[in-house]
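Those protein sequence lines, which keep their order, are chains A and B. The working numbering puts the first residue of the first sequence at 24, with every later residue one more than the last. The working numbering puts the first residue of the second sequence at 57, with every later residue one more than the last.
Think of the hints as simulated: they come from the structure by calculation, not from any bench. Positions of the beta carbon are idealized from the N, C-alpha and C atoms, including for glycine. Do not rely on the hints blindly, as some may be mistaken.
To be verified - Only pairs whose alpha carbons sit at most 27 Å apart, straight line, appear in this in silico BS3-like list of lysine-lysine: (1) A:Lys94 with B:Lys113; (2) A:Lys28 with A:Lys79; (3) A:Lys28 with B:Lys67; (4) A:Lys135 with A:Lys79; (5) A:Lys94 with A:Lys135; (6) A:Lys28 with A:Lys135.
To be verified - Residues from chain A that keep clear of chain B, each with C-beta distances beyond 12 Å, as calculated: (7) Lys28; (8) Ala64; (9) Phe88; (10) Gly106.
Unchecked claim - Part of the chain B face toward chain A, derived, beta carbon under 10 Å: (11) Pro74; (12) Tyr89; (13) Arg157; (14) Arg167.
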Amino acid sequence: DQQVKQNSPSLSVQEGRISILNCDYTNSMFDYFLWYKKYPAEGPTFLISISSIKDKNEDGRFTVFLNKSAKHLSLHIVPSQPGDSAVYFCAARIFGASGTYKYIFGTGTRLKVLA
Amino acid sequence: DAGITQSPRHKVTETGTPVTLRCHQTENHRYMYWYRQDPGHGLRLIHYSYGVKDTDKGEVSDGYSVSRSKTEDFLLTLESATSSQTSVYFCAITQLLAGGRNEQFFGPGTRLTVL
Numbered sequence: 024d025q026q027v028k029q030n031s032p033s034l035s036v037q038e039g040r041i042s043i044l045n046c047d048y049t050n051s052m053f054d055y056f057l058w059y060k061k062y063p064a065e066g067p068t069f070l071i072s073i074s075s076i077k078d079k080n081e082d083g084r085f086t087v088f089l090n091k092s093a094k095h096l097s098l099h100i101v102p103s104q105p106g107d108s109a110v111y112f113c114a115a116r117i118f119g120a121s122g123t124y125k126y127i128f129g130t131g132t133r134l135k136v137l138a
Numbered sequence: 057d058a059g060i061t062q063s064p065r066h067k068v069t070e071t072g073t074p075v076t077l078r079c080h081q082t083e084n085h086r087y088m089y090w091y092r093q094d095p096g097h098g099l100r101l102i103h104y105s106y107g108v109k110d111t112d113k114g115e116v117s118d119g120y121s122v123s124r125s126k127t128e129d130f131l132l133t134l135e136s137a138t139s140s141q142t143s144v145y146f147c148a149i150t151q152l153l154a155g156g157r158n159e160q161f162f163g164p165g166t167r168l169t170v171l
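Extracted from the complex, chain A is given alone in its bound form:
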């Protein structure tokens, strides 16, 4: 049962345009959401996050939007650059049975920014 879903395995965007990556979740107990970027042969790198009590968070070219009623979040990258080409993961935080944090990840979306 995939609680965090990224339904688009890949996305291609022209340089300078907007990239929109989507993520859906099923568990209403998630209280925090994160986006990561991953290059081949490297560990994921934290990009941006948002608390469940907010609907938008912005950091430079990156903006994350959260729609709690739809259980949907999206990452906008504007303008897209060739260096943004990578795999992007969304993740959701939840308290585990021991009352501590654990994270559930989506399957990832491969973004390719075309020069």
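Given chain A's structure and the hints, the job is docking chain B onto it.
Frame of chain A, contents of chain B only:
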């Protein structure tokens, strides 16, 4: 990189042999995590730790055990490796920030091949 190292970085082993992967951090973080990354599955949580000797299971814990005898080290053991455990393994730490925010930082990964 939050001072996270993983060893070994690459390992090839045979079915039925025990394997231990090590994650080491230098910044005294309380939370440590082990994930595996596989095509089509994204990142899946194996086990995590919320303090010395305090661990809990993740989504795919069968066949794996962990130990944390000191803050800086989190060990992942495959008691009897199987080919289905061929994967890239990532260690991560969580840094808790003010206002309930957190960031999660990953190590460089260990590529394990079980023949």
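Consistency of the hints with the structure:
1. This hinted pair checks out: Lys94 of chain A and Lys113 of chain B have alpha carbons roughly 25 Å apart, not beyond 27 Å.
2. Taken as a hint, the Lys28 of chain A and Lys79 of chain A pair is honoured in the structure, with Cα atoms around 20 Å apart against an allowance of 27 Å.
3. Distance restraint check for Lys28 of chain A and Lys67 of chain B: the Cα-Cα separation of roughly 31 Å exceeds the 27 Å cut-off, and the hinted pair is therefore not satisfied.
4. A C-alpha spacing of about 24 Å is found between Lys135 of chain A and Lys79 of chain A, which places the hinted pair at or below 27 Å, so the restraint holds.
5. A threshold of 27 Å between alpha carbons decides the hint, and for Lys94 of chain A with Lys135 of chain A the separation of about 26 Å falls inside it, so the pair holds.
6. Restraint check for Lys28 of chain A and Lys135 of chain A: the C-alpha separation of about 20 Å stays at or below 27 Å, so the hint holds.
7. For Lys28 of chain A, the shortest C-beta to C-beta distance to chain B comes to about 10 Å, within the 12 Å cut-off, and the non-interface label is violated.
8. Non-interface status of Ala64 of chain A relative to chain B is broken: a Cβ of that chain comes within 12 Å, the nearest being about 8 Å off.
9. Look at Phe88 of chain A: its CB is around 17 Å from the nearest CB on chain B, clear of 12 Å, so calling it non-interface holds up.
10. The beta carbon of Gly106 of chain A sits about 19 Å from the closest Cβ of chain B, which is more than 12 Å, so the claim that it is off the interface holds.
11. The criterion of a C-beta within 10 Å of any C-beta in chain A is not met by Pro74 of chain B, whose closest approach is roughly 25 Å, and the hint is violated.
12. Taken as an interface hint, Tyr89 of chain B checks out: its beta carbon lies about 7 Å from the nearest beta carbon of chain A, inside 10 Å.
13. With 10 Å as the threshold, the beta carbon of Arg157 of chain B comes within range of chain A, its nearest partner Cβ sitting at about 7 Å, so the hint holds.
14. Taken as an interface hint, Arg167 of chain B checks out: its beta carbon lies about 9 Å from the nearest beta carbon of chain A, inside 10 Å.
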